[in-house]
Every structure is written in structure tokens, then in C-alpha cells.
Amino acid sequence: MMVKPCNVLSDRMPDVVSGGAHWTPEEEDHLSSCEECALEWQLVQRAGVLGDRVAAAVDPDAMAAKVVERLRHKPRVLPFRRPGWWAAGLAAAAAAIVLLLGPFGDRETGAGPSAEIVWLVPELDSLETTELLLVLNSFDPAAPASVMVVPFIDDLERQELEQVLQAWEG
Amino acid sequence: MGFPLESGSLSDAELAAAYRAGHERAATELVTRHTRAVVRFLYSAGAGEDEVDDLTQEAFIKAFGKLDSWRGDAAFRSWLLTIAGNLLKDQFRKRKGRRMVALDERELPDRADPHGELAAGEAEQQLREGIALLPRLQREVFLLRVQQGADYAEIARALDTTPGAARVHYHHAVKRLKERLR
Ligand SMILES: [Zn+2]
Chain A
0 MMVKPCNVLS DRMPDVVSGG AHWTPEEEDH LSSCEECALE WQLVQRAGVL GDRVAAAVDP
60 DAMAAKVVER LRHKPRVLPF RRPGWWAAGL AAAAAAIVLL LGPFGDRETG AGPSAEIVWL
120 VPELDSLETT ELLLVLNSFD PAAPASVMVV PFIDDLERQE LEQVLQAWEG
Chain B
0 MGFPLESGSL SDAELAAAYR AGHERAATEL VTRHTRAVVR FLYSAGAGED EVDDLTQEAF
60 IKAFGKLDSW RGDAAFRSWL LTIAGNLLKD QFRKRKGRRM VALDERELPD RADPHGELAA
120 GEAEQQLREG IALLPRLQRE VFLLRVQQGA DYAEIARALD TTPGAARVHY HHAVKRLKER
180 LR
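Those sequence lines, one after another, are chains A and B.
Counting from 1, position 112 in the first sequence corresponds to residue 111 in numbering that gives the first Met the number 0; the numbering is continuous, with no gaps.
Counting from 1, position 60 in the second sequence corresponds to residue 59 in numbering that gives the first Met the number 0; the numbering is continuous, with no gaps.
Bear in mind the hints are in silico, worked out from the structure with no lab data behind them.
Any given hint could be a false lead.
[What the hints assert, rightly or not] What follows is a set of in silico ranges between Cβ atoms, one per label pair, in the way DEER data are often shown:
| no. | chain 1 | residue 1 | chain 2 | residue 2 | range |
| --- | --- | --- | --- | --- | --- |
| 1 | B | Gly21 | A | Val7 | 43 to 51 Å |
| 2 | A | Pro24 | B | Asp150 | 45 to 53 Å |
| 3 | A | Asp14 | B | Glu13 | 38 to 46 Å |
| 4 | A | Ser31 | B | Gly7 | 39 to 47 Å |
| 5 | A | Ala56 | B | Ser8 | 21 to 29 Å |
| 6 | B | Ala12 | A | Cys33 | 20 to 28 Å |
| 7 | B | Arg70 | A | Ser31 | 25 to 33 Å |
| 8 | A | Gln44 | B | Pro134 | 18 to 26 Å |
| 9 | A | Asp58 | B | Pro134 | 31 to 39 Å |
For every residue, glycine included, the Cβ atom is placed at its ideal position computed from N, Cα and C.
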């Protein structure tokens with residue numbers, strides 16, 4: 000089967016724009032005579048340099064210093080490989096303990112938060128947005144159990160989408 | 000494990016292993032190496048210039064926080080960019096659905112050259128808007144392909160999809176963006 004030159008050029012455009020490949024004279028000819036390919040080439044060229052100005056203004060060393068400084072103060076958490084419903088449940092239980100005990104530790108003694116509780120709370124930030132929303136929803140007494148916030152359904156990860164659909168289907 | 004002075008010669012996987020082993024300088028090298036790619040990706044995908052710095056920081060913090068989940072089959076940079084993409088998705092939600100902040104004076108070049116640079120600035124803004132309005136997979140496949148030169152197999156590993164699906168997302172993105180250029 001003969002592949003259309005437009006398809007060949009389209010596939011090669013990102014490689015040419017990154018400098019990893021070059022147009023052949025035949026391809027150059029096609030680009031100058033085919034309106035569709037010329038338009039696409041213009042798009043790919045512009046997208047290829049998009050953000051260069053902003054990126055050039057950023058100092059990577061300064062960024063590294065800021066990130067490393069934050070990493071130093073970030074409590075180490077146990078890795079949650081592929082957090083799923085069980086992770087959301089565990090986080091909800093952990094947060095419930097925090098709510099029951101009070102977020103600022105023992106009210107009677109006035110002591111600060113215990114190390115264990117402080118350790119549990121940052122786990123919430125390892126959750127994906129949807130899981131976090133579900134956990135937060137579970138704390139809102141005004142929210143019916145079935146209420147879920149699902150903005151931008153086309154933006155959900157496949158895993159998130161499966162979870163939402165499973166929840167809808169019971 | 001010793002940590003060489005010339006950390007620039009180490010691969011991303013070696014640096015990730017060194018960071019896990021407690022070498023802070025490995026994190027410094029990884030951030031320095033990939034900062035500009037993350038910034039370009041975020042800005043191109045619709046992050047405001049005033050949001051890019053914070054989002055980039057967050058992407059790295061999140062990446063180091065779940066470094067154990069990077070299996071090393073996708074390139075570190077592609078994996079990192081998908082984390083940045085996830086943060087941007089949350090940012091869009093925080094903006095209550097607006098995927099592009101209003102045309103910001105600060106994002107336009109100096110008005111001293113109204114004919115050349117201003118027009119270029121508006122064309123740039125229009126392209127960013129088009130990319131920001133794409134569905135997430137189309138947006139990320141397009142930028143990984145065009146800006147990072149990643150092939151479909153690599154993109155598929157980073158986005159947990161198939162090379163065939165990645166190719167389809169790319170062509171849908173191109174089709175939509177071409178429509179905006181006409
Ligand atoms: Zn053509």
C-alpha cells in the first residue's frame with residue numbers, strides 16, 4: 000500500500016523540528032506545494048519553540064536550591080505504590096483519627112501534635128485529586144454519600160475514570 | 000555509595016538511585032537538568048508565567064516524593080512531565096474551569112515594537128490557548144512529541160497507554176490546532 004506523502008511528512012515533522020532529522024529535497028518540494036503540510040509544519044515549528052523565552056528566564060540552579068531546601072524539611076513518607084481505594088480508605092481513617100483526637104494534639108495536656116499523627120496527615124498529598132475529593136467529601140456531613148465532584152471528565156486518568164465509573168455503578 | 004563530583008555524567012536512573020541512597024546533590028542535579036523542560040511544558044500547556052515557578056517546584060517535590068513509583072521504563076523527564084501535567088490539571092480546576100488565564104500584560108513582549116513582537120506574542124498566546132483547550136492526553140502527547148522529540152513508544156510508557164493510541168491522540172491534537180491556525 001502506498002503511504003501518502005502527507006502522512007510521512009506529518010510523522011517526521013517532530014523529528015525534523017528537534018534537529019534529529021532533515022527534509023529530503025523531495026520532501027522540501029512537497030512542503031512548498033502542499034497547503035496542509037505547510038500549515039502543519041508551521042504549527043510544529045511554532046510549538047517546538049513555545050516557552051523557550053520563559054524557560055530561558057528561569058535559573059535552574061535557583062530552582063534546585065528551592066526544591067532541595069523543601070525536600071530537607073519534607074517528612075519522609077512510606078511510599079504508596081499505586082494508591083487505590085484501600086489507600087483512600089486508610090487516609091480517611093487516618094484523618095478521622097486526627098479529627099477525633101483534635102488536629103493540635105491533646106487538649107487536656109496542651110501538648111503539641113504527636114509524631115505519629117503528624118506523620119499520617121501528609122499521606123493525603125500522595126493521593127490523586129479524585130481520591131482526595133472523595134476523602135474530603137466523606138468528611139462533609141452535608142454532602143450525600145453519592146455526591147462526587149467530576150469536573151473535566153476527559154481529563155481524568157484512566158485509573159481515576161475507572162474508579163468513578165465503578166462508584167457510579169456501585 | 001560514593002557520589003562522584005561530576006554528577007553531570009550520571010544518568011537520570013543513577014541520580015535517582017543516589018538520591019534514594021541519601022545523596023542530596025543527586026536531587027540538585029536532577030532538578031538542574033530538567034527545570035527548563037518542565038517550565039516549557041507547563042507554559043506551553045497553559046500555565047501563566049506567574050504560575051510556572053510554583054508549579055515546577057511542586058512537580059519536583061511530588062516526583063521526589065514518589066520516586067519509588069518511577070519504574071525506569073519511561074524516561075525520567077517524560078514521567079516528570081506527566082506529573083507536571085497532573086498538577087496543571089488541578090490548577091485548571093482551581094481556576095474554576097478556565098484553562099487560560101486572561102491575556103496578561105506581563106506575558107506580552109515589550110510594546111516598544113508593536114508590529115513585530117506584539118504580533119508574535121499574540122500568536123504565541125493563541126497557540127498556548129489552543130493547546131490548553133485540548134483534552135489532557137492530546138495535550139500531553141502533542142507536547143511530548145513536538146517539544147521533547149519523544150517517540151510514540153516512549154510517550155505510551157509515560158502516559159500508560161499504547162503507542163497506537165498515542166499516535167491517534169497526536170493526530171487529533173494536530174488537527175484541532177491546525178483549525179485554529181487557518
Ligand atoms: Zn502534504
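How the hints compare with the structure:
1. B/Gly21 to A/Val7: 43 to 51 Å: holds (50 Å)
2. A/Pro24 to B/Asp150: 45 to 53 Å: For B/Asp150 against A/Pro24, whose Cβ atoms are near 25 Å apart, the range 45 to 53 Å is violated.
3. A/Asp14 to B/Glu13: 38 to 46 Å: Distance hint for A/Asp14, B/Glu13 is violated at roughly 27 Å.
4. A/Ser31 to B/Gly7: 39 to 47 Å: holds (42 Å)
5. A/Ala56 to B/Ser8: 21 to 29 Å: holds (27 Å)
6. B/Ala12 to A/Cys33: 20 to 28 Å: For A/Cys33 against B/Ala12, whose Cβ atoms are near 42 Å apart, the range 20 to 28 Å is violated.
7. B/Arg70 to A/Ser31: 25 to 33 Å: At 45 Å between Cβs, range violated.
8. A/Gln44 to B/Pro134: 18 to 26 Å: Once the Cβ atoms are compared, 23 Å apart, the range 18 to 26 Å for B/Pro134 and A/Gln44 holds.
9. A/Asp58 to B/Pro134: 31 to 39 Å: holds (33 Å)
Going through the hint list in order, the structure does not satisfy hints 2, 3, 6, 7.
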